[in-house]
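The task is simple: from the sequences and hints, build the whole structure.
In order, the protein sequences belong to chains A and B.
Going letter by letter, the first sequence gives residues 1 to 487 in my numbering.
Going letter by letter, the second sequence gives residues 1 to 242 in my numbering.
Quick caveat, the hints were computed from the structure, so don't treat them as lab data.
Every value quoted in this text rests on a predicted model; they were computed, and no experiment measured them.
Using N, Cα and C, we set each Cβ at its ideal position, and we do this for glycine too.
Among the hints, a few may not be true.
[Unchecked claim] If you want a taste of the chain A side facing chain B, the calculated C-beta under 10 Å gives, among others: (1) A360; (2) M397; (3) P439.
Listed here are the chains, written in short residue letters.
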Amino acid sequence: MSFQTAARETLADAQLRRNLGQATALIRAKRERAVAEVPDWEALRDAGEAIKAHALATLPEQLERLQAAVAAAGGVVHWARDGAEANRIVAAIAREQGTDEVIKVKSLATDEIGLNEALADVGVHAIETDLAELIVQLAGDRQSHILVPAIHRNRAEIRALFERTIAQGQSLGDEASAIAEAARLHLRAKFLSVPVAVSGANFAIAETGTIGVVESEGNGRMCLTLPRVLITVMGIEKVLPAWEDLDVFLQLLPRSSTAERMNPYTSLWTGVTPGDGPREFHLVLLDAGRTDVLADPIGRPALHCIRCSACLNVCPVYERVGGQAYESVYPGPIGAILTPQLHGLHAAPSLPWASTLCGACYQVCPVKIDIPSILVHLRERVVREEKSRLAPEALAMKGLATAFATRRRYETAQRLAQLGRGPLAKAALPGWTAMRDLPQPPRKTFRDWWKTRETPAAAPPPDAAPPPNAAATPQPAAPARDSEPAP
Amino acid sequence: MPDAGKRDHSNRGRLCGVRVALFVTCFNDTLFPGVGRAVVTVLERLGCTVEFPLEQTCCGQLHCNAGYGHEAAGLLGRFGRVFAGYDAVVSPSASCVAHVRERIPDAPHVYELTEFLVDRLGVEDVGASFAHRVTLHPTCHSLRLLGIGDRPARLLRAVRGIELVQLEGARECCGFGGTFAIKNADTSMAMLSDKVRHVLDTRAEVCTAADTSCLMHIGGALSRGRTGVRVMHLAEILAATE
Numbered sequence: 001m002s003f004q005t006a007a008r009e010t011l012a013d014a015q016l017r018r019n020l021g022q023a024t025a026l027i028r029a030k031r032e033r034a035v036a037e038v039p040d041w042e043a044l045r046d047a048g049e050a051i052k053a054h055a056l057a058t059l060p061e062q063l064e065r066l067q068a069a070v071a072a073a074g075g076v077v078h079w080a081r082d083g084a085e086a087n088r089i090v091a092a093i094a095r096e097q098g099t100d101e102v103i104k105v106k107s108l109a110t111d112e113i114g115l116n117e118a119l120a121d122v123g124v125h126a127i128e129t130d131l132a133e134l135i136v137q138l139a140g141d142r143q144s145h146i147l148v149p150a151i152h153r154n155r156a157e158i159r160a161l162f163e164r165t166i167a168q169g170q171s172l173g174d175e176a177s178a179i180a181e182a183a184r185l186h187l188r189a190k191f192l193s194v195p196v197a198v199s200g201a202n203f204a205i206a207e208t209g210t211i212g213v214v215e216s217e218g219n220g221r222m223c224l225t226l227p228r229v230l231i232t233v234m235g236i237e238k239v240l241p242a243w244e245d246l247d248v249f250l251q252l253l254p255r256s257s258t259a260e261r262m263n264p265y266t267s268l269w270t271g272v273t274p275g276d277g278p279r280e281f282h283l284v285l286l287d288a289g290r291t292d293v294l295a296d297p298i299g300r301p302a303l304h305c306i307r308c309s310a311c312l313n314v315c316p317v318y319e320r321v322g323g324q325a326y327e328s329v330y331p332g333p334i335g336a337i338l339t340p341q342l343h344g345l346h347a348a349p350s351l352p353w354a355s356t357l358c359g360a361c362y363q364v365c366p367v368k369i370d371i372p373s374i375l376v377h378l379r380e381r382v383v384r385e386e387k388s389r390l391a392p393e394a395l396a397m398k399g400l401a402t403a404f405a406t407r408r409r410y411e412t413a414q415r416l417a418q419l420g421r422g423p424l425a426k427a428a429l430p431g432w433t434a435m436r437d438l439p440q441p442p443r444k445t446f447r448d449w450w451k452t453r454e455t456p457a458a459a460p461p462p463d464a465a466p467p468p469n470a471a472a473t474p475q476p477a478a479p480a481r482d483s484e485p486a487p
Numbered sequence: 001m002p003d004a005g006k007r008d009h010s011n012r013g014r015l016c017g018v019r020v021a022l023f024v025t026c027f028n029d030t031l032f033p034g035v036g037r038a039v040v041t042v043l044e045r046l047g048c049t050v051e052f053p054l055e056q057t058c059c060g061q062l063h064c065n066a067g068y069g070h071e072a073a074g075l076l077g078r079f080g081r082v083f084a085g086y087d088a089v090v091s092p093s094a095s096c097v098a099h100v101r102e103r104i105p106d107a108p109h110v111y112e113l114t115e116f117l118v119d120r121l122g123v124e125d126v127g128a129s130f131a132h133r134v135t136l137h138p139t140c141h142s143l144r145l146l147g148i149g150d151r152p153a154r155l156l157r158a159v160r161g162i163e164l165v166q167l168e169g170a171r172e173c174c175g176f177g178g179t180f181a182i183k184n185a186d187t188s189m190a191m192l193s194d195k196v197r198h199v200l201d202t203r204a205e206v207c208t209a210a211d212t213s214c215l216m217h218i219g220g221a222l223s224r225g226r227t228g229v230r231v232m233h234l235a236e237i238l239a240a241t242e
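Structure follows, in structure tokens:
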């Protein structure tokens with residue numbers, strides 16, 4: 001389905017519009033306050049961008065360092081070319097443990113590759129433990145936000161869902177704490193009994209082999225510490241060269257995503273530690289299109305993303321259509337540049353146009369991804385690689401460019417526009433007047449007026465093309481009619 | 001010199017001699033000639049000599065943002081040739097100025113109108129009077145690509161008789177976005193509805209902005225809804241002496 005079609009459906013959902021509008025307005029205001037407290041915020045953004053650019057420019061070296069450090073600390077490193085390969089690796093490890101359940105830390109990478117579905121195919125049930133992911137899973141729903149996947153659901157809807165599923169026969173009441181308690185009781189039993197956990201990673205430090213997960217609930221911490229075996233699936237772009245790089249990202253990420261000064265649960269682990277935490281640790285390094293993104297110098301910075309979701313929260317398009325209209329694990333502005341690059345332009349050819357290029361996303365991005373410029377670049381690529389040169393739009397654009405290429409053709413096109421015909425009128429009319437009035441083209445264009453007005457001497461004769469350097473010819477600036485010489 | 005603008009109206013002779021080429025934009029030239037005339041009025045009132053190179057056509061912004069960069073390249077090249085040699089090119093379109101500045105690294109000095117008035121001429125009071133209730137939509141490209149900040153508001157505040165009222169959610173996009181308004185008409189309309197609601201909430205008679213394209217979008221809905229609220233380009237208010 002194209003973005004346009006999907007958006008038409010979600011736009012009609014009044015409850016979704018209200019839930020999203022309220023939630024994004026709240027988090028926007030909070031983020032703005034949290035960022036304003038940091039005097040060197042812009043310097044932090046510069047540092048975040050520079051570290052990510054360096055990590056990607058030296059990616060092979062960083063990944064080899066990471067592999068060596070993880071192995072030295074007792075972990076096992078696996079390489080997965082694509083999602084299917086990563087899913088097979090995780091499934092094999094789970095089955096080796098003889099379990100039919102794994103518990104999951106919220107992870108976009110595993111959602112991206114459809115790990116839960118792949119595990120289900122081999123008889124292993126993946127239990128989401130992040131509260132919002134649990135809500136989405138129980139409802140058989142799709143995520144609508146990177147950080148708050150159930151942002152499109154309000155409290156009453158969640159309460160009803162729980163009363164149908166994990167708290168059958170109970171009346172949970174309207175208090176958020178009582179509703180959360182139902183999830184807590186359900187999940188605690190899983191934390192204490194399921195032997196295998198699967199996580200993603202926010203960061204991986206090449207220098208030390210340390211993996212980092214940041215979260216707000218503590219449910220992730222439970223998964224990362226209680227089971228016997230821990231498997232982390234990580235996109236290769238998450239690697240950071242040095243331990244001290246965390247200093248920058250642990251400031252940028254919480255303020256950008258949850259508007260918190262400090263992240264509540266920051267879990268960092270290095271391989272395995274005898275007597276403490278999981279006894280086995282597997283790191284699955286996932287490519288799944290990332291090296292293709294890396295090969296495009298203009299699109300590449302999309303891989304800098306630290307999944308904070310600030311761009312979603314400020315995006316006027318996202319706020320209205322919701323995450324599901326993007327039909328990807330990565331919605332919003334970042335999704336519009338990441339999805340077509342990771343999965344191929346043909347998979348999401350309408351997403352690069354799912355933006356007005358208003359620039360709000362670029363302004364808040366903690367690692368300064370110039371999303372509007374990448375959107376324009378991807379539009380060019382879609383036009384070049386995916387679309388017919390004979391498509392009506394391509395012909396209209398070509399027609400306009402030809403009409404604008406010389407003064408004579410341009411002025412002819414203006415005449416036709418005044419008559420409601422020709423390339424100018426054709427380009428402007430469809431789709432516009434269904435919803436908005438279009439002004440009548442005036443009888444005289446601006447240049448018509450200019451040619452006939454009584455002008456100060458400076459105007460060139462109407463039909464002469466100015467010689468290329470006419471303007472540069474030094475001439476005493478002609479004073480305007482009503483001015484006096486400067487004293 | 002924050003007060004410079006207050007004084008210059010009486011000394012505008014001092015400003016004489018600034019030679020300005022007007023880049024009116026294809027859009028204003030064809031559909032909104034009044035905007036171009038207003039720019040000429042304001043600049044000449046301030047003592048500038050305005051020239052209008054008739055060879056100008058379009059800067060290619062529409063093509064570029066729609067994914068037709070190849071088609072835009074020729075138009076950008078033409079823009080550079082037509083305006084080469086002018087000390088100052090002034091345009092009443094923030095988005096076209098941003099496009100040209102970004103894409104032509106050695107572009108001539110291209111100013112958006114309010115930048116030119118406030119920064120180059122040091123003027124805030126341009127000698128206008130307009131006794132109406134007005135609200136300003138600060139367009140995305142003027143805010144975030146050009147960074148013209150509060151220059152439009154400063155110019156408006158100096159207009160005699162004006163009652164300038166704050167627009168809620170002012171910095172949020174109106175949903176125009178060039179071809180977005182047509183390709184994603186439903187989403188565009190959802191954004192526009194909120195913008196229009198905020199405009200109506202101000203009880204303003206006029207909604208103004210530094211970009212005609214956004215105004216055509218907002219104005220198209222205000223007109224379709226028979227709201228009685230009109231849109232005017234900032235230059236048209238600055239030109240008014242009613």
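To see whether the hints hold, each was checked on the structure:
| no. | hint | verdict |
| --- | --- | --- |
| 1 | A360 | 7 Å, holds |
| 2 | M397 | 4 Å, holds |
| 3 | P439 | 6 Å, holds |
Hint compliance for this structure: no hint is broken.
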